[in-house]
Amino acid sequence: GQQVMQIPQYQHVQEGEDFTTYCNSSTTLSNIQWYKQRPGGHPVFLIQLVKSGEVKKQKRLTFQFGEAKKNSSLHITATQTTDVGTYFCAGPGGSTLGRLYFGRGTQLTVWP
Amino acid sequence: DGGITQSPKYLFRKEGQNVTLSCEQNLNHDAMYWYRQDPGQGLRLIYYSQIVNDFQKGDIAEGYSVSREKKESFPLTVTSAQKNPTAFYLCASRGQRVNTGELFFGEGSRLTVL
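Chains E and X, in that order, are what the protein sequence lines are. Residues 4 to 115 in this note's numbering are what the first sequence lists, from first letter to last. Residues 461 to 574 in this note's numbering are what the second sequence lists, from first letter to last.
Worth flagging that the hints you see were computed from the coordinates, not collected in a lab. Note that the coordinates shown come from a computational prediction; the quantities given were computed from them, not determined experimentally. For each residue, glycine too, the CB sits at the ideal point set by N, CA and C. Warning: the hint list may mix true and false statements.
Capping the alpha-carbon separation at 30 Å, the derived lysine-lysine pairs in DSSO-like fashion look like this [stated by the list, open to error]: (1) E:Lys60 x E:Lys39; (2) E:Lys73 x X:Lys517; (3) X:Lys517 x E:Lys59; (4) X:Lys531 x E:Lys62; (5) E:Lys62 x X:Lys517; (6) X:Lys530 x X:Lys469.
Derived list of chain X stretches under chain E, where covered just means 3 residues or more per stretch with a C-beta under 8 Å from a C-beta of chain E [said to hold, decoys possible]: (7) 490 to 502; (8) 505 to 513; (9) 566 to 572.
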């Protein structure tokens, strides 16, 4: 069945260092979404990528969708303590309308 | 303000008891979802509904039941058949009945079985 794999599971960085999380799908995705969950909170939508090779930026966050639409990445430049949380990627379920498959998430810790 | 409301926020239950988690949305969304979150497991889909009076099983539906009698409401019952019910439960909704568009999440319900 559909699977979305995400690595790494944990990442600890010093404030100011960069951070990247990677997402891979076993099948081609029509789109991919990214969410952020702060500690003790609920997931919040960050962005959706649709086009092959698409790159989108939100301030220090850069999102990429692979050419084959099977992988994606989220890169944070110069992390801040406010970036702490778990970042999830999610892809649709192919022929199963409405389903969204989430990766296991990357938990980011930022040391001041 | 429009949004998704989950209640209760915290719930304690004795083994063998059924419990129902409430999820209400006033976003006029067609699709609603229930996810379970355990540490290190990400979000696992329990049930989802694309339209009133219809719902489908997700990956871990055993021991759970749902109903969708109204567009705004999608309650989840955790039955005594669920082996490990202690978890964080998240309800979400989406406007479209297709494979695109963001999910809006409620603040979650944390269930602890004593």
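Results for each hint:
| no. | hint | in the structure |
| --- | --- | --- |
| 1 | E:Lys60 x E:Lys39 | holds (15 Å) |
| 2 | E:Lys73 x X:Lys517 | holds (25 Å) |
| 3 | X:Lys517 x E:Lys59 | violated (34 Å) |
| 4 | X:Lys531 x E:Lys62 | violated (37 Å) |
| 5 | E:Lys62 x X:Lys517 | violated (38 Å) |
| 6 | X:Lys530 x X:Lys469 | holds (22 Å) |
| 7 | 490 to 502 | holds (count 6) |
| 8 | 505 to 513 | holds (count 3) |
| 9 | 566 to 572 | holds (count 3) |
Violation of the numbered hints given earlier is confined to hints 3, 4 and 5; the remaining hints are satisfied by the structure.
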